[in-house]
Amino acid sequence: MQISLGYGGASYSTCTGTLIAVDRVRDVAWILTAAHCVESSSEPGAVAQWVYFASDTANAVPVPVAAAFRHPRYDRASRENHDVALLALRNLPDDLPEPLTLTAEEDGVVAGMPVRAVGYGVTVDPREPTTRRRTVDTELTEVTGTELFIEMAPNVRGGPCAGDSGGPLLVGSTIVGVNSRGTGFSSLATACSEATSVSLRISTQLPFVAEMMAGAVPAEASACNRCLATPGKHVTSCNAAKARCRDDAECMALVQCIESSPGTPTDNRACAASHPDGVSGLHDVLRCPCEAACQSECAGAPACATPRTLDGLEDGVADVARARAVAAAAAADRMDRDTLAGAGCRAAGLDAGGPWLALAASSLLYRRRARRGRARSA
Numbered sequence: 469m470q471i472s473l474g475y476g477g478a479s480y481s482t483c484t485g486t487l488i489a490v491d492r493v494r495d496v497a498w499i500l501t502a503a504h505c506v507e508s509s510s511e512p513g514a515v516a517q518w519v520y521f522a523s524d525t526a527n528a529v530p531v532p533v534a535a536a537f538r539h540p541r542y543d544r545a546s547r548e549n550h551d552v553a554l555l556a557l558r559n560l561p562d563d564l565p566e567p568l569t570l571t572a573e574e575d576g577v578v579a580g581m582p583v584r585a586v587g588y589g590v591t592v593d594p595r596e597p598t599t600r601r602r603t604v605d606t607e608l609t610e611v612t613g614t615e616l617f618i619e620m621a622p623n624v625r626g627g628p629c630a631g632d633s634g635g636p637l638l639v640g641s642t643i644v645g646v647n648s649r650g651t652g653f654s655s656l657a658t659a660c661s662e663a664t665s666v667s668l669r670i671s672t673q674l675p676f677v678a679e680m681m682a683g684a685v686p687a688e689a690s691a692c693n694r695c696l697a698t699p700g701k702h703v704t705s706c707n708a709a710k711a712r713c714r715d716d717a718e719c720m721a722l723v724q725c726i727e728s729s730p731g732t733p734t735d736n737r738a739c740a741a742s743h744p745d746g747v748s749g750l751h752d753v754l755r756c757p758c759e760a761a762c763q764s765e766c767a768g769a770p771a772c773a774t775p776r777t778l779d780g781l782e783d784g785v786a787d788v789a790r791a792r793a794v795a796a797a798a799a800a801d802r803m804d805r806d807t808l809a810g811a812g813c814r815a816a817g818l819d820a821g822g823p824w825l826a827l828a829a830s831s832l833l834y835r836r837r838a839r840r841g842r843a844r845s846a
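Using the numbering used here, read the sequence shown as starting at 469 and increasing by one per residue.
FYI, nobody ran anything at the bench for these hints, they're computed from the structure. Note that beta-carbon positions come from the ideal geometry of N, C-alpha and C, so glycine has one too. Wrong hints could be hidden among the right ones.
[Said to hold, decoys possible] Simulated restraints on C-beta separations:
1. V493 x E662: 41 to 49 Å
2. T734 x E607: 37 to 45 Å
3. R494 x V529: 22 to 30 Å
Based on the provided sequences and hints, a complete structural model is requested.
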């Protein structure tokens with residue numbers, strides 16, 4: 469059974485996951501997803517995440533996540549080889565669906581093999597709401613020891629896209645891969661039609677999965693996370709913030725920039741400098757879990773100890789603000805000098821525009837170079 473994974477704080481997107489085990493004796497169920505979908509592994513009880521067991525999550529009741537565990541060797545910068553995580557649910561509802569089976573260590577996966585991709589991600593329109601679960605039958609175009617590839621050229625039916633991260637690649641009803649990332653696309657608008665989808669080969673991650681599931685039963689979901697998953701509270705306010713961002717071209721461009729970069733503070737700073745008008749909308753998305761209806765329940769939670777943002781965003785906005793202030797001062801200075809020059813009082817030895825125009829051009833060139841750099845890395 470595939471589930472939709474919602475979360476606040478670490479990223480904008482919704483992800484997908486798969487129920488792989490239900491232990492009624494210990495009252496714990498396990499969800500398989502991607503590591504980059506998980507907010508924290510160092511403080512597993514402090515996650516602000518929830519799941520939906522529904523084919524359409526628009527009016528579904530969320531279930532709070534008790535704990536999240538990323539693979540210890542996960543590298544955010546590359547997402548290669550270990551982009552896998554497990555989510556633990558407690559206080560299980562009675563009507564959980566049947567879990568799906570993981571592949572064996574010898575998975576027999578080869579290029580050209582038919583697979584089914586499942587997820588709650590976007591379609592060819594990146595602004596379409598990601599509330600419905602969709603499937604696509606396609607085939608693997610390349611297989612390595614640790615990863616599975618699907619090329620989504622125009623002559624292919626398609627494959628995973630934004631929002632499908634963490635979702636499964638299936639052979640029959642057996643999970644052979646977990647969607648990790650897309651490469652080779654020039655913009656978010658074309659990602660679903662021209663990217664190459666990369667999934668983690670789950671047969672290489674079976675020891676991690678077994679170790680996590682055999683460990684101590686996690687504590688129940690915190691009061692903060694239970695509140696965040698309460699219908700009509702956090703979910704409603706944050707969905708509204710996400711909708712506003714989705715409808716704002718600059719906010720979506722900023723999201724695309726951040727999600728296609730390694731995610732370091734320097735990267736985030738460059739993205740904010742290139743898309744300053746989108747920062748306010750993204751801040752609304754990032755901060756809503758801790759500043760909306762659950763503020764009192766989450767006041768002491770590590771995830772909400774400070775206003776949520778992404779490292780470097782504020783610095784990038786400050787860079788732009790300083791550049792704009794300098795440009796405004798330069799414009800005012802030029803006006804004053806032009807007025808004086810027209811009156812026959814031009815100051816000796818000073819060009820009315822030279823160095824200030826160079827500074828403004830330098831700022832614009834920086835922003836254009838940042839855009840080109842992202843296009844090459846996408």
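V529 and R494 - C-beta distance against the hinted 22 to 30 Å: holds (23 Å)
Check: V493 and E662, beta-carbon distance inside 41 to 49 Å?
Finding: holds (48 Å)
Hint check for E607 and T734 - Cβ pair distance inside 37 to 45 Å
Holds, since T734 and E607 (Cβ atoms, about 39 Å apart) stay within the stated range.
Taken one by one, the earlier hints all hold for this structure without exception.
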